[in-house]
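Asks: Single-letter residue listing:
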Amino acid sequence: AQKVTQAQTEISVVEKEDVTLDCVYETRDTTYYLFWYKQPPSGELVFLIRRNSFDEQNEISGRYSWNFQKSTSSFNFTITASQVVDSAVYFCALSEAKWGYGNKLVFGAGTILRVKS
Amino acid sequence: NAGVTQTPKFRILKIGQSMTLQCAQDMNHNYMYWYRQDPGMGLKLIYYSVGAGITDKGEVPNGYNVSRSTTEDFPLRLELAAPSQTSVYFCASSSPGAGNTIYFGEGSWLTVV
Chain A
23 AQKVTQAQTE ISVVEKEDVT LDCVYETRDT TYYLFWYKQP PSGELVFLIR RNSFDEQNEI
83 SGRYSWNFQK STSSFNFTIT ASQVVDSAVY FCALSEAKWG YGNKLVFGAG TILRVKS
Chain B
879 NAGVTQTPKF RILKIGQSMT LQCAQDMNHN YMYWYRQDPG MGLKLIYYSV GAGITDKGEV
939 PNGYNVSRST TEDFPLRLEL AAPSQTSVYF CASSSPGAGN TIYFGEGSWL TVV
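So the sequences go chain by chain: A and B. Under our numbering, the first residue of the first sequence carries the number 23, and numbering increases by one thereafter. Under our numbering, the first residue of the second sequence carries the number 879, and numbering increases by one thereafter.
No lab work stands behind these hints: they were computed from the structure. Just so you know, not all the hints are guaranteed correct.
[Unchecked claim] With a cut-off of at most 25 Å between alpha-carbon atoms, the simulated BS3-like pairs for lysine-lysine come out as follows:
| id | chain 1 | residue 1 | chain 2 | residue 2 |
| --- | --- | --- | --- | --- |
| 1 | A | Lys120 | A | Lys25 |
| 2 | B | Lys887 | A | Lys60 |
| 3 | A | Lys120 | B | Lys935 |
| 4 | A | Lys25 | B | Lys922 |
| 5 | B | Lys922 | A | Lys120 |
| 6 | A | Lys38 | A | Lys138 |
| 7 | B | Lys887 | A | Lys25 |
| 8 | A | Lys60 | B | Lys922 |
| 9 | A | Lys25 | A | Lys92 |
Just chain B, same shape as in the assembly:
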């Protein structure tokens, strides 16, 4: 029952450092997503992918990069971390098709100091 697995769960970064949030799903879902959740706010889409080798920007892509070399994995890269990137990051996946349910990972808490 793994579903969507994110690592690490918690991380503290210094300003200017870089890191990669890992995401893997075992449901053979073509679609994958990265969202961020700021305190008291709903989730906002950073990047998404409709299949291996295909990625596209969401609402808040600045400061992030993604790649999708396999169906299972969708890592999110933070370059030159800034305090504004302090947030909770959620990876998610869904099967193809309009309106299919999106399943979320447990979240990664990132603090940039």
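Excised from the complex, chain A in its bound form:
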């Protein structure tokens, strides 16, 4: 069975600090997809990134970066120079890669990030 673990329940940082959110996953599939979503206080889910299991290149998008390490089954998310607007719940999710069966996501419990000014 697939499982996603986000061990950090809550993280508090001061503005401009760097912060890394951890994500560890379990799957027996050799092909799978990993996602990060952001849930701001308003409650909607905002897609941040998708990564397939064959692409281990790190990704950088502005202040956001992602480190995918298949050897340790981890897909960690780093925010550089955090800002108050980054305060949100962040979810890591895993999807199997089976055509015709829907892209069903298995979510971690989420990490609450609080950025203080």
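Since the structure of chain A is provided, determine the placement of chain B on it from the hints.
Replies: Relative to chain A, chain B alone:
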């Protein structure tokens, strides 16, 4: 820029009542999903559909029903509401194909008292 639209946004139900959460998407996505999010938890899949007329159970289907008569709409029916169904419900959609991005609606807050 409608995307995935859910109604209602907030609802209070009494125990034993029934209701339908509506979901519509305008992206011509074949795949649609219903998730629930309990406090402090990640989202869990209730039901999903890979096309009109095709639905299947997710991880937590008990107490719910769905139908998919059109590509655009995917309503979720709660029969005999129970306090355990107090949650935030998210509808989502994606295009066919493994690993495609799933887009979520803004959520429906449901309280059963």
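Asks: Each hint should be assessed against the structure and marked as holding or not.
Replies: Hints versus structure:
no.: 1; hint: A:Lys120 with A:Lys25; in the structure: 17 Å, holds
no.: 2; hint: B:Lys887 with A:Lys60; in the structure: 19 Å, holds
no.: 3; hint: A:Lys120 with B:Lys935; in the structure: 16 Å, holds
no.: 4; hint: A:Lys25 with B:Lys922; in the structure: 12 Å, holds
no.: 5; hint: B:Lys922 with A:Lys120; in the structure: 19 Å, holds
no.: 6; hint: A:Lys38 with A:Lys138; in the structure: 9 Å, holds
no.: 7; hint: B:Lys887 with A:Lys25; in the structure: 30 Å, violated
no.: 8; hint: A:Lys60 with B:Lys922; in the structure: 16 Å, holds
no.: 9; hint: A:Lys25 with A:Lys92; in the structure: 15 Å, holds
Of the hints listed earlier, the one the structure fails to meet is number 7.
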